[in-house]
Amino acid sequence: MLSGRGFKEVYNLQGGIRAWNGLKAFGPKKLNMDLLRGDEEPAEITLFAYGMENALGSFYTTLSERTADKDLGHLFTKLEGIEERHKKMVFELYSDIEPSGMDLPEFESKVTSQVMEGGFDIEGFMKDNEPHMQTSPDALMVAMMIETQAMDLYLRYADRSSEARTKEVLFKIADEEKAHLTALGRLMSEKA
Amino acid sequence: MIQLKKLFEPVPSIDPEQAKEFIAKHREGTYTLLDVRQPEEYEKEHIPGAKLIPLPALDDSLTELDPQKPIIAY
Numbered sequence: 001m002l003s004g005r006g007f008k009e010v011y012n013l014q015g016g017i018r019a020w021n022g023l024k025a026f027g028p029k030k031l032n033m034d035l036l037r038g039d040e041e042p043a044e045i046t047l048f049a050y051g052m053e054n055a056l057g058s059f060y061t062t063l064s065e066r067t068a069d070k071d072l073g074h075l076f077t078k079l080e081g082i083e084e085r086h087k088k089m090v091f092e093l094y095s096d097i098e099p100s101g102m103d104l105p106e107f108e109s110k111v112t113s114q115v116m117e118g119g120f121d122i123e124g125f126m127k128d129n130e131p132h133m134q135t136s137p138d139a140l141m142v143a144m145m146i147e148t149q150a151m152d153l154y155l156r157y158a159d160r161s162s163e164a165r166t167k168e169v170l171f172k173i174a175d176e177e178k179a180h181l182t183a184l185g186r187l188m189s190e191k192a
Numbered sequence: 001m002i003q004l005k006k007l008f009e010p011v012p013s014i015d016p017e018q019a020k021e022f023i024a025k026h027r028e029g030t031y032t033l034l035d036v037r038q039p040e041e042y043e044k045e046h047i048p049g050a051k052l053i054p055l056p057a058l059d060d061s062l063t064e065l066d067p068q069k070p071i072i073a074y
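As you go down the protein sequences, you meet chains F and Y in turn.
Just so you know, we're using the numbering used here here: the first sequence kicks off at 1 and counts up by one.
Just so you know, we're using the numbering used here here: the second sequence kicks off at 1 and counts up by one.
The hints are simulated quantities; they were obtained by calculation from the structure and are not laboratory data.
Careful, some of the hints might be misleading.
Heads up, simulated DMTMM-like pairs for lysine to aspartate or glutamate below, C-alpha to C-alpha not over 20 Å straight-line [to be verified]:
hint, chain 1, residue 1, chain 2, residue 2
1, F, Lys24, Y, Glu21
2, F, Lys30, Y, Glu64
3, Y, Lys25, F, Glu163
4, F, Lys24, Y, Asp60
5, Y, Lys51, F, Asp175
6, Y, Lys25, F, Asp175
7, F, Lys88, F, Asp103
8, F, Lys167, F, Asp71
9, F, Lys167, F, Glu44
10, Y, Lys69, F, Asp34
11, F, Lys30, Y, Glu45
12, F, Lys8, Y, Glu43
13, F, Lys29, Y, Glu21
14, Y, Lys25, F, Asp34
15, Y, Lys69, F, Glu168
16, F, Lys167, Y, Asp66
17, F, Lys30, Y, Glu21
18, F, Lys29, Y, Asp60
19, F, Lys8, Y, Asp66
20, Y, Lys69, F, Asp159
21, Y, Lys51, F, Asp159
22, F, Lys29, Y, Glu43
23, F, Lys24, Y, Asp66
24, F, Lys29, Y, Glu40
25, F, Lys30, Y, Glu41
26, Y, Lys20, F, Asp103
27, Y, Lys51, F, Asp34
28, Y, Lys51, F, Glu168
29, Y, Lys20, F, Glu44
30, F, Lys167, Y, Glu43
31, F, Lys30, Y, Asp15
Partner residues are not named here, just some residues of chain Y that face chain F (Cβ under 7 Å, in silico) [unchecked claim]:
hint, residue
32, Ser13
33, Ile14
34, Asp15
35, Glu43
36, Glu45
37, Gly49
38, Thr63
39, Pro67
40, Tyr74
Quick reminder that beta carbons are idealized off the backbone N, C-alpha and C, glycines included.
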């Protein structure tokens with residue numbers, strides 16, 4: 001249907017999703033789309049993304065403080081450190097968009113949301129998932145799920161946006177999530 | 001006749017490992033993952049970033065796809 005209609009390069013995924021052994025996202029097309037209006041400027045997107053990274057970092061910090069397991073505590077601290085690096089990347093993206101814009105303290109002061117990456121509410125997610133994050137492999141599985149949902153959400157936002165520059169920012173952030181997932185995969189292999 | 005033939009030309013297949021490699025090597029926004037299943041199937045699980053256009057609606061939704069970008073459909 002596509003190949004005869006001017007689409008230059010079309011591939012069929014052999015075996016479809018049943019054969020797919022990579023990461024999978026879940027949820028309807030509209031899941032968490034209401035967290036953004038859809039007409040945000042690129043700078044607003046960076047503030048939103050920064051807030052989500054920040055909230056996820058807080059989540060890991062809380063987990064590291066609550067666990068008595070030293071190794072698990074170290075893992076949560078490491079995961080929180082990754083979110084800190086992501087925050088730095090997002091702020092750099094903002095600074096590229098708005099060279100005469102806010103400095104970091106002012107930018108951070110605008111962050112109010114308690115919504116984690118992927119659109120999860122910190123408290124609700126903690127209540128539902130902390131019991132399932134009691135070993136390093138299990139904690140990493142949940143971390144990968146969060147980042148998979150995050151990547152999926154950013155790409156759905158990008159698909160919805162009609163503003164080319166906003167799309168570009170969302171694609172860049174999604175690329176970072178992709179790299180993050182690769183890093184988590186490596187961590188998973190080490191802890192297995 | 002040539003136009004009809006083109007409409008029914010099969011597209012090449014790639015296996016999941018090739019698709020994963022493709023996704024890893026390409027920046028987001030430079031290709032399209034297209035999910036042609038039903039919404040309830042998509043909701044249960046989908047490849048992250050896949051765009052849902054159920055097959056019966058595909059013909060009427062072609063303008064939503066960029067013909068210049070490679071498409072991996074499932």
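So, going through the hints one by one against the coordinates:
As the CA atoms of Lys24 of chain F and Glu21 of chain Y are separated by approximately 16 Å, the hinted pair is consistent with the 20 Å bound. Between Lys30 of chain F and Glu64 of chain Y the CA atoms are separated by roughly 17 Å; this keeps the pair inside 20 Å, and the hint holds. The suggested pairing of Lys25 of chain Y with Glu163 of chain F is violated, with an alpha-carbon distance near 25 Å, which exceeds 20 Å. Restraint check for Lys24 of chain F and Asp60 of chain Y: not satisfied, since their Cα atoms lie roughly 27 Å apart, outside the 20 Å limit.
Proximity of Lys51 of chain Y to Asp175 of chain F is assessed by CA-CA distance (about 17 Å); at most 20 Å being required, the pair is judged to hold. Only pairs whose Cα atoms come within 20 Å are accepted, and Lys25 of chain Y paired with Asp175 of chain F is accepted, the gap being roughly 11 Å. The hinted pair formed by Lys88 of chain F and Asp103 of chain F meets the criterion: a straight-line CA distance of about 12 Å does not exceed 20 Å. A hinted pair counts as satisfied when its Cα atoms are at most 20 Å apart, and Lys167 of chain F with Asp71 of chain F does not qualify at roughly 39 Å.
Restraint check: the Cα-Cα separation between Lys167 of chain F and Glu44 of chain F comes to about 12 Å, which is no more than 20 Å; the hinted pair holds. A distance of roughly 28 Å separates the Cα atoms of Lys69 of chain Y and Asp34 of chain F; the hinted pair therefore is violated under the 20 Å criterion. Between Lys30 of chain F and Glu45 of chain Y the alpha-carbon distance is near 14 Å, which keeps this suggested pair within the 20 Å criterion. Taking the CA atoms of Lys8 of chain F and Glu43 of chain Y, the gap is about 29 Å. The hint is violated against a cut of 20 Å.
Proposed proximity of Lys29 of chain F and Glu21 of chain Y is contradicted: the alpha carbons are some 25 Å apart, above 20 Å. Note on Lys25 of chain Y and Asp34 of chain F: the hinted pairing is violated, with a Cα-Cα distance of about 31 Å set against a maximum of 20 Å. Restraint check for Lys69 of chain Y and Glu168 of chain F: the C-alpha separation of about 15 Å stays at or below 20 Å, so the hint holds. With a CA separation close to 14 Å, the supplied pair Lys167 of chain F and Asp66 of chain Y stays within the 20 Å bound.
Taken as a hint, the Lys30 of chain F and Glu21 of chain Y pair is broken in the structure, with Cα atoms around 28 Å apart against an allowance of 20 Å. Among the hinted pairs, Lys29 of chain F with Asp60 of chain Y is consistent with the structure: their alpha-carbon atoms are about 18 Å apart, no more than 20 Å. Between Lys8 of chain F and Asp66 of chain Y, the direct Cα distance comes to roughly 10 Å. Compliance with the 20 Å bound is thereby established for this hinted pair. A threshold of 20 Å between alpha carbons decides the hint, and for Lys69 of chain Y with Asp159 of chain F the separation of about 14 Å falls inside it, so the pair holds.
The hinted pair formed by Lys51 of chain Y and Asp159 of chain F meets the criterion: a straight-line CA distance of about 8 Å does not exceed 20 Å. At most 20 Å may separate the alpha-carbon atoms for a hinted pair to count; Lys29 of chain F and Glu43 of chain Y meet this at roughly 7 Å. Annotation: proposed proximity of Lys24 of chain F to Asp66 of chain Y is violated, straight-line Cα distance about 24 Å (limit 20 Å). Of the pairs offered as hints, the one joining Lys29 of chain F and Glu40 of chain Y holds, with about 10 Å between alpha carbons and a cut-off of 20 Å not exceeded.
Distance check on the hinted pair: Lys30 of chain F and Glu41 of chain Y sit about 14 Å apart at the alpha-carbon level, within 20 Å; holds. Restraint check for Lys20 of chain Y and Asp103 of chain F: not satisfied, since their Cα atoms lie roughly 38 Å apart, outside the 20 Å limit. Distance check on the hinted pair: Lys51 of chain Y and Asp34 of chain F sit about 18 Å apart at the alpha-carbon level, within 20 Å; holds. Between the alpha carbons of Lys51 of chain Y and Glu168 of chain F the distance comes to roughly 17 Å, so the proposed pair stays at or under 20 Å and holds.
This hinted pair does not check out: Lys20 of chain Y and Glu44 of chain F have alpha carbons roughly 31 Å apart, beyond 20 Å. Taken as a hint, the Lys167 of chain F and Glu43 of chain Y pair is broken in the structure, with Cα atoms around 23 Å apart against an allowance of 20 Å. The straight-line distance between the Cα atoms of Lys30 of chain F and Asp15 of chain Y is roughly 29 Å, outside the 20 Å bound, and the hint therefore fails. A hinted interface residue such as Ser13 of chain Y counts as satisfied when its beta carbon comes closer than 7 Å to some beta carbon of chain F; here the least separation is about 4 Å, so the hint holds.
A distance limit of 7 Å between C-beta atoms decides the matter here; for Ile14 of chain Y the minimum to chain F is near 5 Å, and the interface restraint holds. A distance limit of 7 Å between C-beta atoms decides the matter here; for Asp15 of chain Y the minimum to chain F is near 5 Å, and the interface restraint holds. Evaluation of the Glu43 of chain Y hint against chain F yields a held restraint, the C-beta minimum of about 5 Å falling below 7 Å. With 7 Å as the threshold, the beta carbon of Glu45 of chain Y comes within range of chain F, its nearest partner Cβ sitting at about 4 Å, so the hint holds.
Checking Gly49 of chain Y against chain F: minimum C-beta separation of about 4 Å stays under 7 Å; hint holds. About 11 Å separates the beta-carbon of Thr63 of chain Y from the nearest beta-carbon of chain F, more than 7 Å, and the hint is not met. Evaluation of the Pro67 of chain Y hint against chain F yields a held restraint, the C-beta minimum of about 5 Å falling below 7 Å. Here the hint on Tyr74 of chain Y is kept, as its CB sits about 4 Å from the closest CB of chain F, short of 7 Å.
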